[in-house]
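Whole structure, please, built from the sequences with the hints as guidance.
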Amino acid sequence: GAVVSQHPSRVICKSGTSVKIECRSLDFQATTMFWYRQFPKQSLMLMATSNEGSKATYEQGVEKDKFLINHASLTLSTLTVTSAHPEDSSFYICSARQPSLEAFFGQGTRLTVV
Amino acid sequence: DQQVKQNSPSLSVQEGRISILNCDYTNSMFDYFLWYKKYPAEGPTFLISISSIKDKNEDGRFTVFLNKSAKHLSLHIVPSQPGDSAVYFCAASGNAGNMLTFGGGTRLMVKP
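For the protein sequence lines, the chains are A and B, in the order given.
Under the working numbering, the residues of the first sequence are numbered 1 to 114, in order.
Under the working numbering, the residues of the second sequence are numbered 1 to 112, in order.
Any given hint could be a false lead.
What the hints assert, rightly or not - Simulated restraints, written as ranges between beta carbons of each label pair:
hint : chain 1 : residue 1 : chain 2 : residue 2 : range
1    : B       : S52       : A       : V3        : 44 to 52 Å
2    : A       : K66       : B       : Q2        : 20 to 28 Å
3    : A       : T82       : B       : Q14       : 46 to 54 Å
4    : B       : R17       : A       : E52       : 41 to 49 Å
5    : B       : G83       : A       : K14       : 33 to 41 Å
6    : A       : G16       : B       : P40       : 48 to 56 Å
7    : A       : K66       : B       : R107      : 26 to 34 Å
8    : A       : S83       : B       : Y39       : 28 to 36 Å
Claimed, not checked - Calculated pairs, DSS-like style, for lysine-lysine (alpha carbon to alpha carbon, straight line, at most 30 Å):
hint : chain 1 : residue 1 : chain 2 : residue 2
9    : B       : K68       : B       : K54
10   : A       : K41       : B       : K37
11   : B       : K37       : B       : K56
12   : B       : K37       : B       : K68
13   : B       : K56       : B       : K71
14   : B       : K111      : B       : K37
15   : A       : K64       : A       : K20
16   : B       : K37       : A       : K20
17   : A       : K41       : B       : K68
18   : A       : K64       : A       : K14
19   : A       : K41       : A       : K66
20   : A       : K55       : B       : K71
21   : B       : K71       : B       : K5
22   : B       : K71       : B       : K54
23   : A       : K14       : A       : K66
24   : B       : K54       : A       : K64
25   : A       : K55       : B       : K111
26   : A       : K55       : B       : K68
27   : B       : K71       : B       : K37
28   : A       : K20       : A       : K55
29   : B       : K56       : B       : K68
Just so you know, these hints were derived from the structure itself, not from any lab.
Heads up, the beta-carbon is just placed ideally off N, CA and C, and yes, glycines get one too.
Take a look at the structure:
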């Protein structure tokens, strides 16, 4: 089946620094990718929809200047957490989906800001 | 306003028995439903899906039932195995695009 690869799987960074997370669709072209965030024992919360070649669409309450999304090609979307703070520590997951099919998820990235 | 709800946060069953996970939705525009399984610190993995034109889909030990009039779907796992212990999310999508709306998840524990 289709595979979505997310990297890194785990990152620890200092408060105030920026972290980039990559999401690649390995065997299909994804014009749209999605970025989710999951807090402990909670559901997946959609942060933004990443559109290839155009600006991302952010969900209400998500700071676009803090969570920068770039979808420069049909197989790569990146999420950059800028000026990270401890409250940004979370599990971030990307997904890509072909129309009318199931979505495939990346392995997730555990971000810890110290 | 939660459009997809999983009212049971946890479920415990004995190995070999049936596990039934439930999901309710409110948006009548949803036409495609999916179940995902998630282990801690990993991304969700797809289990099974169903289109709104069907009321049942079966894949091995997993069967999904859809009741459109009740806006309810359920995932049956039989027989349940200890390796099935995980968090299960139902998700729904409509003709508005590729976006999935997730339920809150149900933690399934299968006891040996």
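Starting from the hint list further up, note which numbers the structure goes against and sort them upward.
1, 6, 20, 24, 25 and 26
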